[in-house]
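Peer 1: Protein chains in written order, with our numbering: chain A, 585 to 1047; chain B, 585 to 1047; chain C, 585 to 1047; chain D, 585 to 1047.
To be clear, the hints were calculated from the coordinates, so they are not data collected in a lab. There could be a bad hint or two in this list.
One copy or two, it doesn't matter: identical chains are merged, so the pair holds either way.
Listed below are the simulated DSS-like cross-link pairs for lysine-lysine, each with C-alpha atoms no more than 27 Å apart in a straight line [to be verified]:
| no. | residue 1 | residue 2 |
| --- | --- | --- |
| 1 | Lys716 | Lys778 |
| 2 | Lys732 | Lys618 |
| 3 | Lys947 | Lys874 |
| 4 | Lys713 | Lys778 |
| 5 | Lys967 | Lys608 |
| 6 | Lys608 | Lys643 |
| 7 | Lys933 | Lys713 |
| 8 | Lys874 | Lys933 |
| 9 | Lys1043 | Lys654 |
| 10 | Lys933 | Lys732 |
| 11 | Lys609 | Lys713 |
| 12 | Lys947 | Lys657 |
| 13 | Lys1043 | Lys778 |
| 14 | Lys609 | Lys664 |
| 15 | Lys947 | Lys933 |
| 16 | Lys601 | Lys933 |
| 17 | Lys1045 | Lys609 |
| 18 | Lys1045 | Lys778 |
| 19 | Lys800 | Lys1043 |
| 20 | Lys874 | Lys609 |
| 21 | Lys716 | Lys800 |
| 22 | Lys732 | Lys874 |
| 23 | Lys657 | Lys618 |
| 24 | Lys609 | Lys732 |
Keep in mind it's a predicted model, so treat the numbers as computed, not measured.
There are 4 protein chains.
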Amino acid sequence: MSEVQEKSPLWGGRFRKQLHPDAKKFSSSIASDKRLAEDDIDGSIAHVTMLGECGVVPKSESDQIVNALKQIKEEIISGKLILSDQSEDVHLAIEEILTERVSAVGGKLHTARSRNDQVALDQRLFLRKAIKGLQSSVEGLQLSLTTKAEENEGTIIPGYTHMRRAQPILLAHHLLAYVSMFGRDGERLSDCYKRVDLSPLGAAAFAGTSFAINRKSVASQLGFSDIVYNSVDAVSDRDYLIEIASVCSILMMHLSRMAEELILWSTVEFGFVEMDDSISTGSSIMPQKKNPDIAELVRGKTGRVYGSLMNLLTIMKGLPLAYNRDMQCDKEPMFEVIDTTADCLTMMKLVVENISFNTERLKQTLQDGYLTATEVADYLVRKGETFREAHRITGELVGHCAGNEIHFSALDLVKLQSFSERFTEDVFDILDPERSILLKASEGSSSHESVEAQLTYWKNKLQ
Amino acid sequence: MSEVQEKSPLWGGRFRKQLHPDAKKFSSSIASDKRLAEDDIDGSIAHVTMLGECGVVPKSESDQIVNALKQIKEEIISGKLILSDQSEDVHLAIEEILTERVSAVGGKLHTARSRNDQVALDQRLFLRKAIKGLQSSVEGLQLSLTTKAEENEGTIIPGYTHMRRAQPILLAHHLLAYVSMFGRDGERLSDCYKRVDLSPLGAAAFAGTSFAINRKSVASQLGFSDIVYNSVDAVSDRDYLIEIASVCSILMMHLSRMAEELILWSTVEFGFVEMDDSISTGSSIMPQKKNPDIAELVRGKTGRVYGSLMNLLTIMKGLPLAYNRDMQCDKEPMFEVIDTTADCLTMMKLVVENISFNTERLKQTLQDGYLTATEVADYLVRKGETFREAHRITGELVGHCAGNEIHFSALDLVKLQSFSERFTEDVFDILDPERSILLKASEGSSSHESVEAQLTYWKNKLQ
Amino acid sequence: MSEVQEKSPLWGGRFRKQLHPDAKKFSSSIASDKRLAEDDIDGSIAHVTMLGECGVVPKSESDQIVNALKQIKEEIISGKLILSDQSEDVHLAIEEILTERVSAVGGKLHTARSRNDQVALDQRLFLRKAIKGLQSSVEGLQLSLTTKAEENEGTIIPGYTHMRRAQPILLAHHLLAYVSMFGRDGERLSDCYKRVDLSPLGAAAFAGTSFAINRKSVASQLGFSDIVYNSVDAVSDRDYLIEIASVCSILMMHLSRMAEELILWSTVEFGFVEMDDSISTGSSIMPQKKNPDIAELVRGKTGRVYGSLMNLLTIMKGLPLAYNRDMQCDKEPMFEVIDTTADCLTMMKLVVENISFNTERLKQTLQDGYLTATEVADYLVRKGETFREAHRITGELVGHCAGNEIHFSALDLVKLQSFSERFTEDVFDILDPERSILLKASEGSSSHESVEAQLTYWKNKLQ
Amino acid sequence: MSEVQEKSPLWGGRFRKQLHPDAKKFSSSIASDKRLAEDDIDGSIAHVTMLGECGVVPKSESDQIVNALKQIKEEIISGKLILSDQSEDVHLAIEEILTERVSAVGGKLHTARSRNDQVALDQRLFLRKAIKGLQSSVEGLQLSLTTKAEENEGTIIPGYTHMRRAQPILLAHHLLAYVSMFGRDGERLSDCYKRVDLSPLGAAAFAGTSFAINRKSVASQLGFSDIVYNSVDAVSDRDYLIEIASVCSILMMHLSRMAEELILWSTVEFGFVEMDDSISTGSSIMPQKKNPDIAELVRGKTGRVYGSLMNLLTIMKGLPLAYNRDMQCDKEPMFEVIDTTADCLTMMKLVVENISFNTERLKQTLQDGYLTATEVADYLVRKGETFREAHRITGELVGHCAGNEIHFSALDLVKLQSFSERFTEDVFDILDPERSILLKASEGSSSHESVEAQLTYWKNKLQ
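Chain A with its partners taken away, still in its complex shape (with noise of 0.2 Å):
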């Protein structure tokens, strides 16, 4: 993008030698741009029905133009006319088109207008799709995760921290961490989708027009909230464009970590999860693989994003006001954003949707690990030791049980009691891992009745 264009008519006496053909070729963006041609259009359309409304072009004459546009849009759609990679970008392209179906008439499309206000205009009509579409993607991996939740409701599950098993909590609790994860991923969407939804349109070059046009006309055309009010800041900010980077990277973020841990869940160590064939490949070395590309490719295509962010920010830092060229630059990695974050998004809810839990394996890893130990010193606690003494205590008591090779199941009253005098019959609810589940009372907890009410939460927003 950029006020240029190379055809020696358009610039008379100012420029007597053509663009050197490899300049050209380096300064086009057609070949990245032309994926919003759709957009471009709809925003001509506004642009000069408004003109024609409004004086600047006769009605007739922006009458004209808009049903070429239309046919133009059509043409597109369906395949029939291809924007060639000679023009310099797509707003010429489809200027160009317009031409010569419409003579010089077409020249006016351009009055009262940039094409620096053009481009931000078809990014933000762009991305106010890309986020809707992401942020039903979002909902649609959270249904699965739900789902998923809510079949699994009794299961429980070894919860871990270091990547060492902790304690025992409902699978269903753990998966709607990431229902929640993702919930904020969905706020941050929307938040990002109110800075998006205003209209540059009618900056101009910079400094606005001095044509009695009537940019909110175009605005409320087009379905947006508002204008951008002041047109140098209109044609000069990329925040919109950093802004959905940032969010997609937290968003991704999350979905590494998901994918982290499916495949780690996967594995014959683990056992936990049972990966459909649908979303798993073999070897063609070696025979009895079977391998979580999908969640792998996940996690891997972080980077991209990552990138893309940082791509932009670099772009953008220590550039003076209006519009640089340097800015054509934000096509690559806006689209990179977009298309690898929704791609993963659905790819993590086929994921979701086509893993099964191995119960049996869950259920006997809830019996090492000593998992309920925290348990057992809250409940020295509360029949009225110091913290620091049960803790003392039950650290002895795991000393003992890891020394003889046993487990807490294996131990009776009596050796309870040899270790304090406080255990009563009422202690094995608190050694059994399923029964000390029950026990969690605070908010928002891994008990029965948290997670009854989460899934009742998500349920209710997500439908």
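With the hints as your guide, set chains B, C and D onto chain A.
Peer 2: This is chains B, C and D only, laid out in the frame that chain A set:
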């Protein structure tokens, strides 16, 4: 941060050796997290108060702990008490002091709590204040810019695209573009604040607790709007850090653009701006130098915030739930993001308050560069010319003037009409940069009316 | 890339379902890696030739495969054969075509090889050529700069620090600073090449193979200096990609500095440089504009290379050995780094060749700004003054001139001696920027002698 | 760093106001650069010694300065002298102390020097030592790994791809893959060292100096291999910082992979590795926990080095020559890169020295997962089967075993021959993981012979 303590008594039979002294030093976070001491104490006071209310700890004991903690906080603020770098982290350092003062009772403070939820709480308490501070600094800078805009309301500057003079605009309009940019930063800070302003306490290690605690009471005491519901999410999440780092990266990008522009404008070549001695430095080797160091440092420090964002994103990539020790590495980038951004905002406010515009020089630059050429083309369009033809004619006019090294102001009507008969006497309103400003008609343009509207808007908003 | 193939026959009893079509599309890499087709075939030819030599495959069959592969390569080069996007990756696409042509014998190509070592080989073959290409482009740019320096050998410019005029220097010396910078880039490319120039083939999946292959024969056929010895390392390593991305990031940083400077220098405010029309563009809306788009785009594209570096570093962070599917995501950043850097080098060469220096304007700028103040202070030191005192005196002298708005050239000896009696007639050699250059005495300084030495050095080196 | 000093006397008529106190604080770098004090003094001693030799300063005076500087250095080392945070930077701090001690003569130290070349010198002196230190730490880690490999020479582990068991390999071979990786890091450090090991001193502000100094004498005194020739380049360049940050980023990536692997291997699920108590920590809340904190912190600290690299790249993007104050912001990332990498290398060495392998568990894992399936297919190829057919047969064999939940070891020859008549008695060498290792024939493979060769190579190299 971690669930760690190297004093053997706490772990009983499990550990037979002390942590290696180098490993102990390597894993200690006290050097950076001691800055959270006051937040940590505030959180502990709320926690133990709630424990007392709920009967988890006898009221008399919770009162005793609260009083001791208040005392410790006061001593830290007054500098009477300095936390030793020997402790593993700020949480243990304070608990150790507490226990010295109230003996065994101190051990009850950590009931129904883990360092996992505690550190998340401390960070959120810190960030709430930090965000409020940043918002206030942003508004301060906006106000300085608005004031500067108002003081220079009549001043016209050449607006730039591609670092080339493009069209005349009101200086105030240009400065208000920055006010708009920082306005978005303020919105993003508010949006981020919503997600910071939630209490994670009570999530304990990650599964919640079997003590009948009241999470919302703690949240309410500390002024949080709600709790982070899901306990696994509450301790695994660092979105709030990454989001603030993203918001500050965009903010710093804005500051870097403004810094670049002020450095440019204050060169002898541009000569638009004079920086006061109070924000300039000289050279110990070149006696004639006057350097814009403050603006340069702001531009340079952009890298620090970008780098911290990348640091945080990298840390969290691919980490399975719930807490992992990697997350301890989040303190340094958190403080760097906040401190750097806060300092740079303060400094840019100082810079804005200490620049003056060289109106003579600005007036003179408006004559060069045929800045009103766009207006001439638009004039011809209004007179009935098609856009393309109007453009061609203006191009030839510019070519003629450039070839003869004359300004537009040297043209008389006869000469103008030799290019197009549509030129009449009113064209001189267009040719003159100062008068052409008066013709800007679009909303948000560089017209006096638009600038008035913006000044009114921002002055109301920022009061 | 992965060890994957979705055709069920290969996996027999292990898989009961096909890969989901969306997952298949998501995991396909053919769209990006088909660019490696020729390298892939070169590698396969070397591999199967060796298999024939070693008797792993009968010589007649290896000959048959080699001939078919050569034919396929020719057809791809000539455009007769186009790889389908239906294949999973370039390796399978070519193997499939081969098998169609030579039937069952084609299946022997993959003996003692995995796609893990194959893709690493392809990348290394690609990068060897890419690095050679970059080195040549770097040298091309250095030569253009050297030529430009030589052509402008007598020209003096104001050197800058803090974007403020500081001291007079020879333009050639300034341009040669860039030649030095690019010289280091060349060295880094060479250093990186050493580590790229090793053959991983024969590592198979990661453990090596029980076939009695000759890895060094393959390496030798392909012109590699050696093999990557450890087979696990051979397929797990992507250092060569990250290293080239780092090297190119520094290179792009250099180009961004040069671009920034040329944009500045070609503003009307600086006026040092004129850019030829062939590297400039106009504005479709502002007829008087002449924009430095090529330099701006180079500056902007810096972000792409930085972002790709971050992409690669993120992908590899925390990946356990050996191959993981995440590593397939390395193709896009690899191509982006190479293509962007190569294009920008070519473009900057074009820019350098199409700029001319405005010597009149440069001459004039030397009179402003008391550029020789440092020399005056040094002069006084040589006359016996202490450094501090010399500085103070010169400061007063500058203050006097600035207050009276006169240049140094307006001072006579009497006036000078009123500041210090040490001034004698020879001070005028110092005060005059052109003559002061002649006094530079240190190695590598901006003296004619030093510039001559540099020109000689680089012209010899670059021939 | 900058050419700045706020004491008004130095600037005479130019400045009328002091720098604003907040701006002074903001622009001070003493808090970070005071760490360069010894390097700064070493550089000054060499500089003034040369000034004495060249007659720029009388020998008696240069001796006086040298002696005072030596004294100051000793006092700093011994802790007797502490640099005040009131000075602007380390250079002025030391010069101020010097001047207090030797009065006016001290003012001669800065003759023919600027802080621009001085700070570059200090950084290069610091980095030379830092690189040597890193190289030594890298070698230390390599040696620990080599020793660990040797101690476990006979141990076989399941090698992984896609985090799935793939083929049996020698543990030593796996560990030696890391030794190879770190070997490349060592090479890169050496390559980088070449470009650090050049003296910039004598470039002065950027133009060189008219004093007849001897740059090579300074270089030689300080042990540099040569000078940075071009004076503009000498002060504008920060490649050496970015290059070391890149090298350390790759190094940290390697460490993060090793950390991830050790964390995985030491889970109860994998159970391959036992971490000694001296490198593990427990939990204050969960008495049964033993956490791999050191490895986790290393993995997390990767972000810091990546972030610092991005910081430096951002700072330098688009900066025109020569020195700009932005470059002062390079100290923090420089120290962070060096300190973090050095610490993590030391810690990983400690970890390697304090792990032991659970050979029983490893032996048992080899029976699962049909790890020798690839060897079976290769066996059939050697017996005359085509590759594809061999693969199909092996796939069916795995399917049969998996369906019946038996290991390969449960198969007898009759059963095997029902899949292919090519199976004969020698297939049992292939089916058994331990014996199959013996068949690896390719260079650099996981054979005993290859491992022996590697051990010999590295032990020689690292001695």
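Peer 1: If a hint holds in the structure, say so; if it does not, say that too.
Peer 2: Hint check results:
no., hint, result
1, Lys716 - Lys778, "both (12 Å within a copy, 22 Å between copies)"
2, Lys732 - Lys618, "neither (40 Å within a copy, 39 Å between copies)"
3, Lys947 - Lys874, "both (24 Å within a copy, 22 Å between copies)"
4, Lys713 - Lys778, "both (13 Å within a copy, 25 Å between copies)"
5, Lys967 - Lys608, "neither (81 Å within a copy, 34 Å between copies)"
6, Lys608 - Lys643, "neither (37 Å within a copy, 52 Å between copies)"
7, Lys933 - Lys713, "within (20 Å within a copy, 38 Å between copies)"
8, Lys874 - Lys933, "within (20 Å within a copy, 34 Å between copies)"
9, Lys1043 - Lys654, "neither (41 Å within a copy, 44 Å between copies)"
10, Lys933 - Lys732, "within (11 Å within a copy, 43 Å between copies)"
11, Lys609 - Lys713, "between (30 Å within a copy, 23 Å between copies)"
12, Lys947 - Lys657, "neither (59 Å within a copy, 47 Å between copies)"
13, Lys1043 - Lys778, "both (25 Å within a copy, 23 Å between copies)"
14, Lys609 - Lys664, "both (25 Å within a copy, 26 Å between copies)"
15, Lys947 - Lys933, "within (26 Å within a copy, 38 Å between copies)"
16, Lys601 - Lys933, "between (55 Å within a copy, 18 Å between copies)"
17, Lys1045 - Lys609, "neither (50 Å within a copy, 32 Å between copies)"
18, Lys1045 - Lys778, "both (20 Å within a copy, 19 Å between copies)"
19, Lys800 - Lys1043, "between (38 Å within a copy, 24 Å between copies)"
20, Lys874 - Lys609, "between (46 Å within a copy, 18 Å between copies)"
21, Lys716 - Lys800, "within (23 Å within a copy, 34 Å between copies)"
22, Lys732 - Lys874, "within (23 Å within a copy, 31 Å between copies)"
23, Lys657 - Lys618, "within (12 Å within a copy, 32 Å between copies)"
24, Lys609 - Lys732, "between (51 Å within a copy, 25 Å between copies)"
When each numbered hint is compared with the structure, violations occur for hints 2, 5, 6, 9, 12, 17.
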